[in-house]
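Engineer: Fit chain B to the given chain A structure using the hints.
Protein chains in written order, with our numbering: chain A, 1 to 346; chain B, 1 to 347.
By construction, these hints were calculated from the structure, which means they are not laboratory data.
Treat the numbers as computed from the prediction; the structure is a model and nothing was measured.
Worth double-checking, as some hints may not be accurate.
[Unchecked claim] Counterexamples of contact, computed for chain B against chain A with all Cβ distances above 10 Å:
1. ASN96
2. ASN108
3. ARG182
4. ARG194
5. ARG243
6. HIS245
[Claimed, not checked] Straight-line C-alpha distance at most 30 Å; calculated DSSO-like pairs for lysine-lysine:
7. LYS324(B) to LYS70(A)
8. LYS70(A) to LYS330(A)
9. LYS123(A) to LYS329(A)
10. LYS67(A) to LYS331(B)
11. LYS338(A) to LYS117(A)
12. LYS330(A) to LYS131(A)
13. LYS330(A) to LYS70(B)
14. LYS329(A) to LYS70(B)
15. LYS324(B) to LYS67(A)
16. LYS70(B) to LYS67(A)
17. LYS330(A) to LYS123(A)
18. LYS70(A) to LYS331(B)
19. LYS70(B) to LYS70(A)
[Said to hold, decoys possible] Some chain A residues well away from chain B (every beta-carbon gap over 12 Å; in silico):
20. ASN105
21. THR107
22. LEU124
23. GLU127
24. THR128
25. GLU150
26. LEU156
27. ALA171
28. ARG190
29. ARG240
30. LYS309
31. ILE343
Backbone N, C-alpha and C fix where the C-beta goes; we use that ideal spot for every residue, glycine too.
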Amino acid sequence: MWEVTWALPRTHLALQQGLAASLGSYGFLSPRSQTLGSPGAGDSVAVREVDGLQVVTLSRMVYPQPKVLKPARNDVLVVTPWLAPIVWEGTFNIDILNAQFRLHNVTIGLTVFAIKKYVVFLKLFLETAEKHFMVGYRVNYYVFTDRPAEVPRVALGDGRRLEVLEARSYARWQDVSMRRMEVIGDFSERRFLREVDYLVCADVDMQFRDHVGVEILSPLFGTLHPGYYGRGREAFPYERRPRSQAHIPRDEGDFYYMGAFFGGSVPEVQRLTKACHQAMMTDKASGVEAVWHDESHLNKYLLYHKPTKVLSPEYMWDERLLGWPAVMKKLRYVAVPKNHQQIRHR
Amino acid sequence: MHRGRLALGLGFCLLAGTGLCFLWVHVENWLPVSYVPYYLPCPEIFNMKLHYRKEEPLPPVTQARYPQPKLLEQRPTELLTLTPWLAPIVSEGTFNPELLQHIYQPLNLTIGVTVFAVGKYTLFVQHFLESAEEFFMRGYQVYYYIFTHDPAAIPRVPLGPGRLLSIIPIQGHSHWEEISMRRMETISQHIARRAHREVDYLFCLDVDMVFRNPWGPETLGDLVAAIHPGYFTVTRQQFPYERRHASTAFVEDSEGDFYYGGAVFGGRVTRVYEFTRGCHMAILADKANGIMAAWQEESHLNRRFISHKPSKVLSPEYIWDDRKPQPPCLKLIRFSTLDKDASWLRS
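So that you can see chain A by itself, here it is in the shape it has in the complex (with noise of 0.2 Å):
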């Protein structure tokens, strides 16, 4: 016979136990369980739509049940008229949404440019969205900075890194503010496409009180102004000049939203960002600077391309000047008080 050389006693136990249980496993591979579970997981997605509500098989979930005839919040809209869900707490059970997205395993990517003295934001910025900013996903923090020297170490969660991106910065804080436009568009192209799902764009002179997570994902976000979301139309600070390309009439406009605070797909915001510095460009050119600069362009582009969610003021919040209101159940990303005159000027 041959040499047996396993003498362990202990061996022979276990391949007992794995006879066994292979046994046992036979009645199992009957074809009657391999057509069970998710079938559809067969025939794979070939194009990786970036829609968070995709074909996902969720595992058993145990939650309240919603209530058709009991809204969960009835102080707010919270469907705008093309259907798109305005974000507000309450609305969103974040279990069943982290579920979905989770199963996709997205990646998203945070911008936020600090030039010149707004790079003594970034700690704070950093350290409020490492507890608050899409915890348990993976994060792609780009820092855009024209002081790389002066970019805070902090210490990140796992699977979230930090690129730091050199930026031109401009004499002007409106041109700063107007030029994050073009770069978010370079990069997009360059670099943003292959490397996450999602694009959120932020002002770096804020931070984050409370959760802000997947519920914000879609192709395209914007977020409402927390100036103006009680006002009517006629009182946007819209751009009001027709020769200018962020030109909206009187009698239009849903929303006023803030350019501190919009995202979505890397295409979507590829194309917002594109059209927003192209129209800029456009009125320069025509040697006219819209009242709000990027905020102007961002509204008008929203207006013609309906965002598919739409954040309500909890997502831009500034309690110095505006307290907290009942209608506010949190606020998640709120304003650092700043010197304005100090800040901007050299």
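Structural biologist: Using the frame of chain A, we list chain B on its own:
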């Protein structure tokens, strides 16, 4: 000495194992449920990989005049307008029809509709089509697919421009339940063979119903379900889900969002393909176990919508039962059942 015994022991195990396998193969045939390939669907479906068209951005909306949305609404409690996974629930007042028309018209979409008219149900086709011509997706290209065992029984209804109709013969069955459940298979096969080339969106509707008010692009979405009119006021424990563990359509007491109606569902044609195929496989698995779900394919549809949540939900305005009095929370009934004697029809 030790090793010899070890080898002997192992040899014995191997023998025993083989013996047991042999026994199992025999015993299998005696079991009440046959594992014979009852479950094999048409092989071509497995091989068909639908080409996914990349999502195109919506074209810009040209200037449109409409009232500004009011953000701080103090409305009395009405219908829920957003699911917990942020899918809109469509009802009158939640959307601006002109704005949506503005957005969707330039896209040159074709919307398909499948209906099954088998046995006496061919009698409903006339009324269905006439009302669809008046209310369903006015101004869009529409393709009706009428599945029937008796093409001659389908009346010729005049259709508007850009609207086509195809009569597709299918096998009749003696049991109405079988007819009902085969719909999932038929629809998925039809999409794989034809519809994916012919339409962008597809709705699968019951034929014994009638359109009463406009049904437009507000209903278009990736995967669309409609809330059953009989169960939108009750708790999930009272939903008529399949409650037997043995069925693949089984739903636990603590699961479930809404009870969706089997008479209305749809979406992008590729999503509907995946959905109907998934339901069909689950129905086959049940068949192999000799079990039929409580409400046939509606039970399977509901099971699947829990784990594959719809991206848009239609309120009961889009799937009403005329025998019920219209409640104040539903402002505009758009699609509802015709009063009929079910027992006569199904005989």
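Engineer: With reference to the structure, classify each hint as holding or not holding.
Structural biologist: Hint check results:
1. Listed as outside the interface, ASN96(B) is inconsistent with that label: its C-beta sits roughly 4 Å from the nearest C-beta of chain A, within the 10 Å cut-off.
2. The beta carbon of ASN108(B) sits about 18 Å from the closest Cβ of chain A, which is more than 10 Å, so the claim that it is off the interface holds.
3. At the 10 Å boundary, the C-beta of ARG182(B) stays outside the reach of chain A, the nearest C-beta of that chain being 17 Å off.
4. No beta-carbon of chain A comes within 10 Å of the beta-carbon of ARG194(B); the shortest separation is about 18 Å.
5. At roughly 15 Å, the least C-beta separation between ARG243(B) and chain A is larger than 10 Å, which holds for a residue marked as non-interface.
6. Annotated as non-interface, HIS245(B) keeps its C-beta farther than 10 Å from every C-beta of chain A; the closest such distance is 13 Å.
7. Between the alpha carbons of LYS324(B) and LYS70(A) the distance comes to roughly 21 Å, so the proposed pair stays at or under 30 Å and holds.
8. The straight-line distance between the Cα atoms of LYS70(A) and LYS330(A) is roughly 21 Å, inside the 30 Å bound, and the hint therefore holds.
9. Restraint check for LYS123(A) and LYS329(A): the C-alpha separation of about 26 Å stays at or below 30 Å, so the hint holds.
10. Using a Cα cut-off of 30 Å, the hinted pair LYS67(A) and LYS331(B) holds, with the two alpha carbons roughly 18 Å apart.
11. For the proposed pair LYS338(A) and LYS117(A), the alpha carbon gap of about 11 Å is at most 30 Å, so the pair holds.
12. Of the pairs offered as hints, the one joining LYS330(A) and LYS131(A) holds, with about 15 Å between alpha carbons and a cut-off of 30 Å not exceeded.
13. Simply put, LYS330(A) and LYS70(B) have alpha-carbon atoms about 21 Å apart, close enough for the 30 Å limit, and the pair holds.
14. Restraint check for LYS329(A) and LYS70(B): the C-alpha separation of about 19 Å stays at or below 30 Å, so the hint holds.
15. With a CA separation close to 20 Å, the supplied pair LYS324(B) and LYS67(A) stays within the 30 Å bound.
16. Simply put, LYS70(B) and LYS67(A) have alpha-carbon atoms about 23 Å apart, close enough for the 30 Å limit, and the pair holds.
17. With a CA separation close to 23 Å, the supplied pair LYS330(A) and LYS123(A) stays within the 30 Å bound.
18. The hinted pair formed by LYS70(A) and LYS331(B) meets the criterion: a straight-line CA distance of about 16 Å does not exceed 30 Å.
19. As the CA atoms of LYS70(B) and LYS70(A) are separated by approximately 20 Å, the hinted pair is consistent with the 30 Å bound.
20. The claim that ASN105(A) is not at the interface with chain B holds, since no C-beta of that chain comes within 12 Å of its own (minimum 18 Å).
21. Here THR107(A) stays apart from chain B, with its beta-carbon at least about 18 Å from theirs, past the 12 Å limit.
22. The Cβ of LEU124(A) sits about 30 Å from the closest Cβ of chain B, beyond the 12 Å cut-off, so the non-interface label holds.
23. No Cβ of chain B comes within 12 Å of the Cβ of GLU127(A); the nearest lies about 29 Å off, and the non-interface call holds.
24. Every CB of chain B is more than 12 Å from the CB of THR128(A) (nearest about 24 Å), matching its label as outside the interface.
25. For GLU150(A), the shortest C-beta to C-beta distance to chain B comes to about 38 Å, beyond the 12 Å cut-off, and the non-interface label holds.
26. Its beta-carbon lying about 28 Å from the closest one in chain B, LEU156(A) satisfies the requirement of being farther than 12 Å from that chain.
27. The beta carbon of ALA171(A) is kept farther than 12 Å from every beta carbon of chain B, the shortest such distance being approximately 34 Å.
28. In this structure ARG190(A) is separated from chain B by more than 12 Å, as the shortest Cβ-Cβ distance comes to about 20 Å.
29. Here ARG240(A) stays apart from chain B, with its beta-carbon at least about 15 Å from theirs, past the 12 Å limit.
30. Against the 12 Å criterion, LYS309(A) falls within the reach of chain B, whose nearest CB is about 7 Å from its own CB.
31. With a closest Cβ-Cβ approach of about 31 Å to chain B, ILE343(A) is found to remain outside the 12 Å limit, as its non-interface label requires.
The earlier numbered hints that this structure contradicts are 1 and 30.
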